[in-house]
Amino acid sequence: MNIYDLIFYLFALVTLLSAFMVVTNKNIVHSAFYLLFTFFGVAGLYVLLAADFIAVVQLIVYVGGILILLLFGVMLTNKITNIEIRTGTINLIPAVIGVGLLAGALLASVINAPWKTNNQEQALPTTKILGTLLLQEYLLFFELLGIVLLIALIGAASMARK
Amino acid sequence: MTVGLTHFLVVSSLLFSMGLYAIITRKNAIMVLMGIELILNSANINFVTFSRFGNFGYSGHLVALIVIVLAAAEAAIALAIVLNIYRNISTVNVDEIDNLRD
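Read top to bottom, the protein sequences are chains G and S. With the working numbering, the residue at position 98 of the first sequence is 98, and numbering never jumps. With the working numbering, the residue at position 97 of the second sequence is 97, and numbering never jumps.
Rather than coming from a laboratory, the hints here were simulated on the basis of the structure. Any given hint could turn out to be false.
What the hints assert, rightly or not - Label-pair ranges, simulated between beta-carbon atoms:
no.	chain 1	residue 1	chain 2	residue 2	range
1	S	98	G	102	19 to 29 Å
2	G	135	S	97	35 to 45 Å
3	G	68	S	95	23 to 33 Å
4	G	117	S	100	45 to 55 Å
5	S	88	G	157	17 to 27 Å
6	G	162	S	95	47 to 57 Å
7	S	87	G	116	45 to 55 Å
8	G	5	S	102	55 to 65 Å
9	G	146	S	98	34 to 44 Å
10	S	100	G	2	52 to 62 Å
11	G	4	S	100	30 to 40 Å
12	G	155	S	2	41 to 51 Å
13	G	4	S	88	47 to 57 Å
As the list claims (entries may be wrong) - SDA-like mimics (lysine to any residue), calculated; alpha carbons at most 20 Å apart, straight line:
no.	chain 1	residue 1	chain 2	residue 2
14	S	27	G	97
15	G	162	S	89
16	G	162	S	83
17	G	116	S	54
18	S	27	G	142
19	S	27	G	91
20	G	116	S	95
21	S	27	S	85
22	G	128	S	58
23	G	116	S	6
24	S	27	G	34
25	S	27	G	24
26	G	162	S	77
27	S	27	G	27
28	G	128	S	63
29	S	27	G	72
30	S	27	G	25
31	G	26	G	37
32	S	27	G	94
33	G	162	S	86
34	G	162	S	85
35	G	26	S	27
36	G	128	G	141
37	G	162	S	81
38	S	27	S	68
39	G	26	S	7
40	G	128	S	81
By construction, the Cβ of each residue, glycine as well, lies at the ideal position given by its N, Cα and C atoms.
My request is simple: use the sequences and hints to build the entire structure.
As structure tokens, this is what we get:
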């Protein structure tokens with residue numbers, strides 16, 4: 001067991017434990033804060049997968065953007081002054097059974113599948129490679145993403161403004 | 001057993017299951033959104049993992065980037081919708097929003 005494995009288990013533990021706390025915690029503000037640790041753990045997993053650029057984008061967009069949006073949503077839709085921040089649950093038993101079966105099937109197929117992995121080459125810095133790909137091979141995707149973001153921002157602003 | 005492809009896939013499968021559990025069981029619409037974010041994260045882990053251990057170059061990284069951008073757009077739109085729902089019927093519990101049923 002080398003240091004890479006130890007760090008992997010650390011990040012996997014952080015990710016899964018905090019995700020479990022997110023889905024089981026009754027207090028929605030606590031859930032939002034546990035989601036922070038989940039996103040951090042996933043960013044660590046990206047670093048272990050030699051995806052440095054994705055890891056930083058994950059930190060900036062998810063932790064800096066989406067989590068703040070979710071917290072704003074919590075604050076604007078709950079009366080903070082009452083203690084009405086707890087949320088109920090429905091369909092508990094069917095969900096546990098169904099999700100348990102699905103997780104079992106997924107884990108069994110993932111573990112037993114004969115994956116063919118190639119030898120890990122040297123991990124390169126990915127920023128330059130991704131930039132070249134985005135502006136050459138995936139240029140259409142890049143432009144479409146820009147348009148989608150613009151439309152989404154205009155739509156969200158005009159919907160929330162009324 | 002050294003950490004390889006399977007370990008990352010196991011983590012992402014568990015993350016996906018927990019996101020699905022949150023979507024099914026929670027009443028609050030914002031908790032449902034958090035479940036969706038967990039599921040998108042697990043999908044991203046899968047893309048980056050296969051990009052690392054497979055033989056596809058860096059396409060997986062790009063798909064992960066696209067998913068992150070779409071998740072940001074989706075969160076903004078969904079929160080605008082949730083705020084409108086809250087303003088109109090002053091609840092965000094998804095099981096009480098059934099005005100169209102009757």
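- Honestly, which of those hints from before does the structure not fit? Numbers 6, 11, 18, 20, 38, 39 and 40 - these are the hints that the structure violates, sorted from lowest upward.
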